Structures are given as C-alpha cells and as structure tokens.
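Engineer: Listed below are the residues making up each chain.
There are 2 protein chains.
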Amino acid sequence: MEQILELLNNNKMAEIRKLITEENPVDIAEFCEELSREQCLKLFRILPKDISADVFSYLSIEKQQEIIEGITDSELKFIIDEMYLDDAVDVVEEMPANLVDRILRNSSVSTRKLINQFLNYPENSAGSVMTVEYIALKNSFTVGEALEYIKKSGIDSASYDTCYVIDPKRMLIGNISFKSLVFYDDVLEIVDVMETNIVSTTTTTDQENVAELFRKYDLTSMPVVDTEERLVGIITIDDIVDVIDQENTEDFQKMAAISPSDEEYLKESVFSLAKHRILWLLILMISATFTGHIIRRYEDVLQSVVVLAAFIPMLMDTGGNAGSQSATLIIRGIALGEISLKDIWKIIWKEFRVSFLVGLALSLINFGRIVVFERVNAQVAMVVSASLFITVVLAKVVGGVLPVVAKGCKMDPAIMASPLITTIVDAGALTVYFGLSTYFLHIPVNV
Amino acid sequence: MEQILELLNNNKMAEIRKLITEENPVDIAEFCEELSREQCLKLFRILPKDISADVFSYLSIEKQQEIIEGITDSELKFIIDEMYLDDAVDVVEEMPANLVDRILRNSSVSTRKLINQFLNYPENSAGSVMTVEYIALKNSFTVGEALEYIKKSGIDSASYDTCYVIDPKRMLIGNISFKSLVFYDDVLEIVDVMETNIVSTTTTTDQENVAELFRKYDLTSMPVVDTEERLVGIITIDDIVDVIDQENTEDFQKMAAISPSDEEYLKESVFSLAKHRILWLLILMISATFTGHIIRRYEDVLQSVVVLAAFIPMLMDTGGNAGSQSATLIIRGIALGEISLKDIWKIIWKEFRVSFLVGLALSLINFGRIVVFERVNAQVAMVVSASLFITVVLAKVVGGVLPVVAKGCKMDPAIMASPLITTIVDAGALTVYFGLSTYFLHIPVNV
Chain A
136 MEQILELLNN
146 NKMAEIRKLI
156 TEENPVDIAE
166 FCEELSREQC
176 LKLFRILPKD
186 ISADVFSYLS
196 IEKQQEIIEG
206 ITDSELKFII
216 DEMYLDDAVD
226 VVEEMPANLV
236 DRILRNSSVS
246 TRKLINQFLN
256 YPENSAGSVM
266 TVEYIALKNS
276 FTVGEALEYI
286 KKSGIDSASY
296 DTCYVIDPKR
306 MLIGNISFKS
316 LVFYDDVLEI
326 VDVMETNIVS
336 TTTTTDQENV
346 AELFRKYDLT
356 SMPVVDTEER
366 LVGIITIDDI
376 VDVIDQENTE
386 DFQKMAAISP
396 SDEEYLKESV
406 FSLAKHRILW
416 LLILMISATF
426 TGHIIRRYED
436 VLQSVVVLAA
446 FIPMLMDTGG
456 NAGSQSATLI
466 IRGIALGEIS
476 LKDIWKIIWK
486 EFRVSFLVGL
496 ALSLINFGRI
506 VVFERVNAQV
516 AMVVSASLFI
526 TVVLAKVVGG
536 VLPVVAKGCK
546 MDPAIMASPL
556 ITTIVDAGAL
566 TVYFGLSTYF
576 LHIPVNV
Chain B
136 MEQILELLNN
146 NKMAEIRKLI
156 TEENPVDIAE
166 FCEELSREQC
176 LKLFRILPKD
186 ISADVFSYLS
196 IEKQQEIIEG
206 ITDSELKFII
216 DEMYLDDAVD
226 VVEEMPANLV
236 DRILRNSSVS
246 TRKLINQFLN
256 YPENSAGSVM
266 TVEYIALKNS
276 FTVGEALEYI
286 KKSGIDSASY
296 DTCYVIDPKR
306 MLIGNISFKS
316 LVFYDDVLEI
326 VDVMETNIVS
336 TTTTTDQENV
346 AELFRKYDLT
356 SMPVVDTEER
366 LVGIITIDDI
376 VDVIDQENTE
386 DFQKMAAISP
396 SDEEYLKESV
406 FSLAKHRILW
416 LLILMISATF
426 TGHIIRRYED
436 VLQSVVVLAA
446 FIPMLMDTGG
456 NAGSQSATLI
466 IRGIALGEIS
476 LKDIWKIIWK
486 EFRVSFLVGL
496 ALSLINFGRI
506 VVFERVNAQV
516 AMVVSASLFI
526 TVVLAKVVGG
536 VLPVVAKGCK
546 MDPAIMASPL
556 ITTIVDAGAL
566 TVYFGLSTYF
576 LHIPVNV
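Protein chains in written order, with the numbering used here: chain A, 136 to 582; chain B, 136 to 582.
Be a bit skeptical, because a hint or two may be false.
Note that the list lumps identical chains together, so a pair holds whenever it fits in one copy or between two copies.
[Unchecked claim] Restricting the straight-line Cα-Cα distance to at most 30 Å, the calculated cross-link-like pairs of lysine-lysine (DSS-like) are:
#	residue 1	residue 2
1	153	248
2	286	273
3	304	410
4	287	177
5	153	184
6	273	287
7	177	304
8	545	287
Keep in mind the hints are simulated off the structure, nothing from the lab. None of these values were measured; they are calculated from a predicted model.
Chain A on its own, in the form it takes in the complex (with noise of 0.2 Å):
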C-alpha cells in the first residue's frame, strides 16, 4: 500500500490500476480511510468498476459522503445499483437529506422501490438485516432448467450455496444447495429434489430471536417471508455476527447502567457519551438516598462504635461483587437462551448452596484478619463477620432471582445488573450490619 501512496502522489494511475486489483477491497477502503478528500477520490475513480462498488460500501460514512459529493450521477447509480441492497439502505439511512435525494433519484426504478420497502421495516427486524441478492427458482422448472436460470442471472448474486425454491405466488415452498442441483440429472423436476424441511423467519421477527435460530440449527441463511409467506429476502449469517456483536455490545452497556448507543465510543459525541451516562447515574444516587437514611437512623451506633464504619465499605463493595457474579451468569445464561423462568428455583438453591461456602470461606478470613491486623475485639470481629456472611448470601440470591424475575416481566434481564443490585444489596448489608451491632454489641438506639 505504500507503494500505491507513492505512485498516487506522482499521479502514475494506470500503474496503481495494475497494483490494486490484487488487493482485497477491504484494505483498498482503509487505505482510502487514510487520504486526503483529493487524493481519495483520485484513487476511487480510478478503481475498476466491479471493485468500486465493493470498497464503497467498506468505508466509513464521512469518506462516503465525501465521494458521493464528488461523482457524477451516472459513476453514483453504477455504485448504487451495483451495491448489495441492505449495504445501500445503510448508507441512505446515514446520508443528509441531499445526498439522500441525489441517491434515490440516481438509483434504477427496483432498487429505488426496494431502498424505501427496507426503510420502512423496523429498526433490528429480521426485515431490517436480510438482503434481497438470492436465488429464487419457480417450482416448475427441471434441474437443467435452475442451472440455466441461475446462470444466467449472474453467478455473483449470491454468495451462499443455498437456492430457494418458490410457486407461481411466490410462497416459499422448499431449497435445495447449488452443488446437489449440479450434480443431478438435468432432466429431474425441481420438487422432486428439494428439501420441504425449512427454518425460516418472518420480516417482523426480531433480530436477537434470529440469531437464536442459526445458533440452533448452524444455519448459514435463512430464507424471510412476509405476512402472507411470500419469500422477500434471505438473511446471511456474516449479518447475524454483526448481530450477535450488535446484542452483544447493548447488554455490557445495559449491565454497566448505560442507555444503549450504536456509537462507536471513538465516534461519539462528548454530550452524546454524557447523555447515555447520566440518567441511570442520577437513579442510582438517588436510591443510594435510603442507604444513607439507614446509617442516619444508627447514627448513635456509631457514634459509641466508630469504628464501624470501617467496615462499611468492606460490606458494601463485597456484598455488591458477590452480587454482580451472579446477576451476571445469570443474565449471560438467559441471553444465551441456556435459563428461562422455570429454573428460579434451581437457580435460588444453587445460588443459596454457593452462597453458603464462599460466604462462610470469606467471613472466617475476614474474622481471623481483622482480629489479628486490626487488632479489633474480637465481639466487633464476630459482628462484622456474621454481616459479611448473611450479606454474601443475600446478595448471591437477590443477584440470581432479579432477572430471572425481569425475564418473567416481559423486561430486558440485563438491568438488573451490578448497579442496581449492589444498590439493593448495600440497604440490605448496612440493615443486618447495624442490627446485629445494635444486638450484640449492646448499643442502645435512638429511634
């Protein structure tokens, strides 16, 4: 690449020509990442056309928009015809109302129809991902006949193995693989060949809940009908990893008390990042409020012990891990579809089973440690301890049972995640930490 940045700047195009075309269009588009606004499109108009469609639709939105903005109508509807549909739809779906209008108004009669069907499909619909580049062959074709069709169609229009076998109405009605069709007779009718069994979707069906179909069937496409079971499109599984990605990347957000962002963080705005942070950091300082009320309430307490709040931050902070583990394996668990509401119970044993040997492993260290280096008597010791425990333990439950319970509400599980939970769990370890000093330690209380 190098190379071609040299020969760019003597302007020596027909030798990077040459060069380029032995480069994989993902790297020619972050080469052009790297150019100049001039120098970028020199390069891209110079690209043979069958490339330039494919690196166009590898670059980021600004080099887009720089290049649509410096092409003519008719290099734009090469690209815009030749790009596959979904790849088309996201660049009009980030473009200014300009650009978008020059698109639309350079892009063939079909293609126009279709961007505007697209866009009209719910934001993480299966109709929102699929892509309309498949082979569909009618049921009354013979093997020799699909094989004609097909090549006849461009053998580039999809890259899946799989074709899609469709009656006059154009309903779905049985697939069959590229390599079987080649090696069969030609003279074999097509529905006498194909396979009837399918797993397919519709266009309103939601993206996390087609992922879950390829996950269980290792799917590699899947075909999508509308309502009326029409075939309209066919989703790939290099769709379903940006997917997966997409799902993925929303519930760390969720988890760690973010609203949900596309943004890449690089990308995002400083307000943007500001915005998605604050209203979640602003209800959890204000439920934060009654664990404050609870020390107010033992404020004698610790005004004749002060050196239990020493320990305060102890509790809370491993009463909030202990916590936060289990919300998350049980988060990931349902995300995975691996836990459903009908486990609860065997998720409430198990976590009360864990919940008792970890509490019991910590609150022993944690007696013999603050006996022996913090020289504390050992009656505040068995307080402190006995609170570490019954904390660890409730914790270990509240943080499994809640999403479980979300789940069951028709809610987003992964809320229920570390923030919220270390917020519940430290009300709850200041309550059984102050109650058990107060009884213990003989203290009496003001209330």
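Here the structure of chain A is known, so what remains is to put chain B in place on it, guided by the hints.
Structural biologist: Positioned in the frame of chain A, the structure of chain B alone reads:
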C-alpha cells in the same frame, strides 16, 4: 413430536421411521434429550444411517455417553466416521477414558490419526476449531477435472462454496468459488481462473484473532495452514459464531470478577461455581481494607460530624458506577478492535469532558436534594457535592484509562472492570471526602 412419542410408547417403529425423516436433526436431538435411556436408544437405532450421525453430534454429552454404551462397535464406527471431524474430536474430549478407548479402537486409521492430531492443538487455537471437510483441488486440474473430482469426492464434503487450490506439496496457492467453477469452460486451467488474494491463518493463531479477520473481511470460511504453509483445514463462520459467543461469555465473567468457565450455569456444580468466584471476591475484600483504613484514620472527623457517614454509600456507589460505565465502553471497544493503546490521550480528554458534564449535573442535583430534603447545613452539603464531582471525574478517567493500560501491558482489559475500578475509586473518593471535610468544616484531625 408428540405423535412420535405415542408411537414410541406403542412400539410402532416403522411408522416413526417414516415420520422422523421429515424432522430437522436438531429437533430430533432435542426430543431425544427428554426421553429415558431405553427409549432414546430405541429411537436412535431406527434412525436412517445418514441422519443418526447428525443427530448424535447435537446431543448432550450425557446422552452421547448413554448411546455409545448402548450401541454395537460397528454402529459406533459408522457414527464416528460419518461425523464432522471437529464434532468427533469434541466427543472424544468430553468422554471418560474407557469410552475414548472404544471410540478410537472403532474409528478408521485416518480418522484416528486426525483425532489425535486435533487433540494436540492448543486450546482456543485456530487448529482446535477448524474442520478437515473441505474441497482441495490440485493445481494441475482443468475446470472439468476439478468438477469431476468434486463429484467423486462426495458433494456433502463441504457446505460452503469455496474450493481451495493446492500445489503438489499441499501448499495453498489459491481459491475459487464452486459457482464460478460450474460456469467456466471445462477446458480452462484451474490456475488461470482461481483467485490468489486469500486471507488465511495458521493452526496456532488464537481463535479471537481469527474471529477478528472474519469480521474485518466479511468472510464465510477461511483456510488454515500449518507452519510449512500446507493447507490442513478450514474454519467456517458457523464455528466463528460459537467462538464469538464463548469469548463474550468469558468477557462478561471476567468483568464480573469471575474466573472464566466454559460450563453452562445450570450444569456446573456448586463447588465449581464457588471455586470460580471466591478468588476475586477475596482479593477485592482485602483491597477494600485500604478504604477501611482511610475511614479509621479520619475517625475523629466522623465522631465530630457523624452525619458525614450517611453520604459514604452514595459517594462510593456513584463513583463505582461512573467508573464502570467508562471501563465497560473502553473494554468493549478494545474487544471489537475499535480502540487501541494509541488512543489513550483521546480517551483521557474525552472522559474528562464527559465526566465534567455528568459530575456537574449530579453534584448540583445532589446539593439541592440534601439541603432541601435531608435538611443538612449548606456547608456540609457543599463538601458532599464537591467530593461527588471530584469522585465522578476521577472515576471516569481512571475507568477509561486502566483497560487501555492493561491492553498495553498485554493483560486482559476485561480484568479492569467495575469490581477493581470500584475498589480503586472508593479509596480515592473517601480520601477526597475526608480531606475536604477537614479543610472546610475545620475539624482537627489527630494523625
């Protein structure tokens, strides 16, 4: 499936055999899981041969073991040789030693050799996820010879479209899609029509890096070569989906302070769950001691203005949440390849501005709230709110920086997630809090 269950209870095996071939192997496997040992075995043995290996590979380890124990050596041999090699290796890895012996004794010499070779690849390497079912064409072939070869070697041998071209030493020299092969003239030389621009990987490459390449180049399959550049297998995108799920689960676990484990939650033993959780809880509990020491150092401050204790949970929780928001976004950005060490200054500057906005808003609201609702005097409210502001800024900058630093030190960024950030931020928050308190509330400290 209910119909099949009834037929099974009435021993109408011929009818089941007719019905079950209509079903997807994944669904048959799911159905088998619900059956008793005897019924499952009965059903499995009447499955058509070509379906049985497929169903077997979708069963749980427990069921697989039951079946292996119940079938004859020749049935076992058939299944092992018919399964995809990577699935067979998974079975061997999970079975107890006596069954592994029986499996290896009953597999063909070539399968046995391959299984042993696979068992030697490092865990999570490209070698351990690749498959050996692919089409390799000799570079001396014409297009016609290639098609003849593919037909002879069995069309099932690869569900993907790409065929690989190798030289006499099995070195990978190109690839070509099956579709284009079919439509080229039979007399053309393979080497004249193949693509030479191939993205490949080696057996020892980490699976995470392989997934990265699939994402970057939108691949559906990728050839794997050994240290001598010989083609030894391919990785297909459906296995990459499993890799992505696995890597994400690992990140979720690490970010919740759990030592990573591959087991499904409901299947993992209580003891194993406890073992994976206790180490980090212990480390973090002991780290929280430092925070306790800060409180003990300022015991006099607390004794004089005991209301200060009531705001400790709010400060600690908000600081922890603010820090883990930043850490999560950065960790996710690194995992998706969007952020690297060179972005560290951008991150610091961005987090500083975001935290300034967020911290300002939170502390203003907090000031109003505690003066009006908690009836705390303005001086204390000022100290609390100023501490809150500084804590949020500190937490976000630390939370943003530590994961990148970890990455720079070749550590896993996911370790620098909320639990560790919380512990670090707690200490900072309390130091600031008591520092400001002593200074502005004029409380003498005995150090």
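Engineer: Checking against the hints above, which ones are violated?
Structural biologist: 1, 3, 4, 7, 8
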